[in-house]
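**Student:** Residues per chain, in single letters:
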Amino acid sequence: MRRKSKSKFQLPSKYMLMILTLICGIMIYVSFTMNLSGGPLNTAAGYVFIPMQKGINYIGLWISDKADNLNDLKDVMKENQQLKSQVDELTSELNTIKLEQYELDNLRELLELDQKYPSYKKAAAHVIGKDSGNWFSIFTIDKGSKDGIEVDMNVIAGSGLVGIVTDVGPNYAKVRTIIDDLSKTSGMLLTTSDRCIIHGDLQEMNSNQNILFTDLKDSDDKAEIGDPVVTSHISDKYLQGILIGYINTLEVDSNNLTKSGTLTPAVDFEHISEVLVVLDKKETGKED
Amino acid sequence: MKRKITVILIVIICFLLQTTLFQTLSIASISPNLLIIVTASFGFMRGKKEGLLTGFLGGLFIDVFYGGTLGFYAMIYMYMGYINGFFRKIFFPEDIKLPIILITASDFICNLFVYFFQFLFRGRFSFGYYMIHIIIPELVYTILATVFLYFILLKINQKLELSERKRSARKFV
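Chains as they are written, first to last, in our numbering: chain A, 1359 to 1646; chain B, 670 to 842.
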């Protein structure tokens, strides 16, 4: 008898489509207006997926490692011959480079890039999954609110800025990178303290591995290619002085007041596997 | 019941593979779209209703973990599954041409929607660039993945249909 009554309640697919469309519409509206994402869904999904993602990710890395090894072997044979002839050439170049290296070390010390942010508290995390599509550059890490991660915390890798935490579940967090097409960061030239806006751009990133910057107010005309750009003091989400990248190209805008161009990011975004989350958040004077 | 659990498991496995393994093995930072293959396949193999539910589930996973607005991908994938359901009448399991055409079209339309709502609305007008560098490579890669994944899905579906037919036959005896 039960089976019979169950089959009576079959909802036609038209109505199901309408109902689910309505649900989607409401969800889109709610997440737009209230800036709310997931909530209980985050928690539930986090417990189902994160352990599995962690496991698979290790396997994936292992496989790509093995694939790389095979490719390497072939390349090595070919390269070996080429390299032998290059050795002589390079020995002579080495002397000049040693001199330049000495100069570079001196300059780095002057800039004190490494000394800029040692005092922040940081937590290390593994990257466990990347955005499923090819349009955006978002990844998830294996630390969440249980480890003290909060929304708007800065994420760095090595010495450069990676992105910002945009969403947190109990055991994972979503990070939007600075190369993502939706990202905007307020930056500052370390040499002249002039500010600029840094945009992630899919097109520029795909073709040249660069990100864009605009609105650089360089009134003294001192900015040069190769200058380091860090996060600025007026940014309301990014801590001051984290290295973003180095200027790659520089152009004067048509208004003759500002400059724009491209930056080479300091972080290798193709091969991020471990990141540091800065646990200190920027004080903006606003109360939560 | 058995069918529901299997479909949910397939969606979960494909989502996990897509976000981890295939991102690591991506060629020129482009990876295939496994979820659209699953959604479209269940659409034309099983009809509108199952297609739309599969799509909704897969899209919701993307929204929760990687989406900006909740419900955006769920809606697109749901409609893809529903539309593929119309082709059930002309679907024959042995013929791979129709599935490939349908999956290709679904992936293409899906990406067009993403471009339209997430990029065009923000003033990114160079459609030609995105077409050549994102949409077409993903299409090619997805077709390659289809060749393998489609037959696995087909086998699973045939197994499920066989066990369902056995059960319903038993009911009448």
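No lab work stands behind these hints, which were simulated from the structure alone.
There could be a bad hint or two in this list.
[To be verified] Residues from chain A shown here face chain B by an in silico Cβ test under 10 angstroms; the list is partial:
hint, residue
1, 1374
2, 1383
3, 1550
For glycine and all other residues, C-beta sits at the position ideal for the given N, C-alpha and C.
**Student:** For every hint, state whether the structure bears it out.
**Tutor:** Quick rundown of the hints versus the structure:
no., hint, result
1, 1374, "holds, 6 angstroms"
2, 1383, "holds, 7 angstroms"
3, 1550, "violated, 30 angstroms"
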